[in-house]
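Engineer: Sequence:
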Amino acid sequence: MTRFNGCIDLHHGKVKQIVGGSLLDDSPDQLTTNFVSEESPSFYSKLYKENNVTRCHVIKLGPNNDEAAKEALAAWPNGLQVGGGITLDNAQHWLSLGASKVIVTSYLFPGATFSKERLIQLCELVGKDRLVVDVSCRKKNNKWLVAMDKWQTMTDMEVNKETLDMLSQYCSEFLIHAADVEGLCNGIDEALVERLGEWVTIPATYAGGGRSMEDLKLVDKLSNGKVDLTFGSALDIFGGNGVTFQECVEWNEQHK
Numbered sequence: 280m281t282r283f284n285g286c287i288d289l290h291h292g293k294v295k296q297i298v299g300g301s302l303l304d305d306s307p308d309q310l311t312t313n314f315v316s317e318e319s320p321s322f323y324s325k326l327y328k329e330n331n332v333t334r335c336h337v338i339k340l341g342p343n344n345d346e347a348a349k350e351a352l353a354a355w356p357n358g359l360q361v362g363g364g365i366t367l368d369n370a371q372h373w374l375s376l377g378a379s380k381v382i383v384t385s386y387l388f389p390g391a392t393f394s395k396e397r398l399i400q401l402c403e404l405v406g407k408d409r410l411v412v413d414v415s416c417r418k419k420n421n422k423w424l425v426a427m428d429k430w431q432t433m434t435d436m437e438v439n440k441e442t443l444d445m446l447s448q449y450c451s452e453f454l455i456h457a458a459d460v461e462g463l464c465n466g467i468d469e470a471l472v473e474r475l476g477e478w479v480t481i482p483a484t485y486a487g488g489g490r491s492m493e494d495l496k497l498v499d500k501l502s503n504g505k506v507d508l509t510f511g512s513a514l515d516i517f518g519g520n521g522v523t524f525q526e527c528v529e530w531n532e533q534h535k
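Quick note on numbering: the sequence shown equals residues 280 to 535 in my numbering.
Just so you know, not all the hints are guaranteed correct.
What the hints assert, rightly or not - Derived Cβ-Cβ restraints for the label pairs, each shown as a range:
1. Thr333 with Asn503: 12 to 22 Å
2. Glu318 with Lys395: 39 to 49 Å
3. Gly518 with Ile399: 19 to 29 Å
4. Ser375 with Lys496: 32 to 42 Å
To be verified - The calculated DSS-like cross-link candidates involving lysine-lysine, where the alpha carbons are at most 25 Å apart (straight line), are:
5. Lys293 with Lys349
6. Lys440 with Lys349
7. Lys328 with Lys440
Hint data in this document are derived by calculation from the structure and do not stem from the laboratory. Cβ atoms here follow ideal geometry from the backbone N, Cα and C, with glycine treated the same way.
With the sequences and hints as input, model every part of the structure.
Structural biologist: Right, here's the structure in full:
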């Protein structure tokens, strides 16, 4: 059964909701921000903890987010996954700071080319059970390609059954942002969710475009309950008016 999983997106130390496709290093003035929270990262950690919203992720979008991420982890030790700049050199450090799992993308794609060697090394270092592979993607020529560097660089990996089967040998979970619709609140990528439901064999969380409780029901239907959903900009705790946090908590309680 599809569940609601939470997110804490960090940008320059603040909890924000950003249109995914606008995260350009060389053009910061083009950044489209939907919401900047007045609350601290720990506020959201405690909110998720108190309402038993598990498998939530903290994503560091670029530099100047380490202290904010540490604050979030400290508020719920071993309750949150952390991603953004995770490498072989720092993965263990983030686990020691209280992350339940580390989430990796860009490190696996030196020069935008997939390195199985790096995946195996990371898996051996932290253990399969504590590794999440982020296969966030953008659509190109009717294929979904993994996108790295804040979703700006297309890699050589297509998201399909073959690659997900291979990756799942070395990780315990997937996180998939549909970067083309991330932050737009115009609805989910239905075709991607349906395919993921057919392909995934381990827990997977989809993010991107969710705008109402109907989308939670739709993900459940399209994926046969095999893919979970996270809401961002549409959620009331992030300034949205499409869905309330309380509705999501009640959904999870009803669908245990």
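Engineer: For every hint, state whether the structure bears it out.
Structural biologist: To see whether the hints hold, each was checked on the structure:
1. Thr333 with Asn503: 12 to 22 Å: 21 Å, holds
2. Glu318 with Lys395: 39 to 49 Å: 40 Å, holds
3. Gly518 with Ile399: 19 to 29 Å: 41 Å, violated
4. Ser375 with Lys496: 32 to 42 Å: 39 Å, holds
5. Lys293 with Lys349: 13 Å, holds
6. Lys440 with Lys349: The given pair, whose Cα atoms are some 35 Å apart, is violated under the 25 Å limit.
7. Lys328 with Lys440: Since the Cα atoms of Lys328 and Lys440 sit roughly 33 Å apart, the hinted pair is violated (cutoff 25 Å).
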